[in-house]
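With the hints as extra help, turn the sequences into a complete structure.
According to the numbering used here, the stretch in the sequence shown is residues 1 to 234, in order.
These are calculated hints, taken from the structure and not from any lab test. Ideal placement from N, C-alpha and C gives every residue a C-beta, glycine not left out. Hints are not guaranteed to be accurate.
What follows is a list of derived Cβ distance ranges for each label pair [unchecked claim]: (1) Thr178 x Gly43: 23 to 29 Å; (2) Arg85 x Glu122: 17 to 23 Å; (3) Arg85 x Gln192: 18 to 24 Å.
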Amino acid sequence: MNILKAVNLRKIYGQGETEVKALDGVNLEVEKGEFVAIVGTSGSGKSTMLHMIGGLDNPTSGQVIVDGQNLSHMTDEELTIFRRRNIGFVFQKLGIMPWLTVRDNVALSDKFHKVSKKERYERTQKYIDLVGLNGFEKHYPRQLSGGMKQRVGIARAYASNPEILLMDEPFGQLDAQTRYSMQEEILKIWNQNKKTVIFVTNNIEEAVYLGDRIVLFSARPMKVKGIYDLKDLK
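Structure, rendered in structure tokens:
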């Protein structure tokens, strides 16, 4: 069953001599529970597409349909509510709050939804354990390594219980050893709960290791260059 459809997405910035065509007729379907790796060169428009899928940016034309809901038909308020309930984000640039502990960072979504402190701490512990941060609940980001900070971001995204998890080069700033470790961790987590994951990377080795399917994009203006199904090879 398809949980996501991107239909003829186009994105143009500027006008006239300053016009930049980022996406040019991109079509993509993702099944529920899939791990899809999106690969393309730096600056090709991968992040732009991810932002449109997540409702953070609007296409110039085309449609994004998530779980049967057309994002372009929603008001800003409806889109914000839908995004909080259905879509989780993990970005390369960490968005964790430096003044909050690991536990409070992971529990942030539940706090916005007015869940009691006792309940959100109990629920949060499951995700802290899931990413291997047991024992670090009361630590602050400044006390953590780069890989551990990224685990906090992943735990927070999962704690919001999204239908789709969007990951935009989340390991791009990590050293090679930590990156390999995080790849193993994200696969372990995905195998436990089978959330739908769309993972953007410019590293083909990483895409092959992680993805059920690889979607290869061309350079700007971005188009689908090829789709490779790896399910039977794993």
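Hints and how they fare:
A C-beta distance of roughly 25 Å is found between Thr178 and Gly43, which places it inside the suggested range of 23 to 29 Å. Remark: the range hint 17 to 23 Å for Arg85 to Glu122 is upheld by a beta-carbon distance near 20 Å. With their beta carbons about 21 Å apart, Arg85 and Gln192 fall inside the hinted range of 18 to 24 Å.
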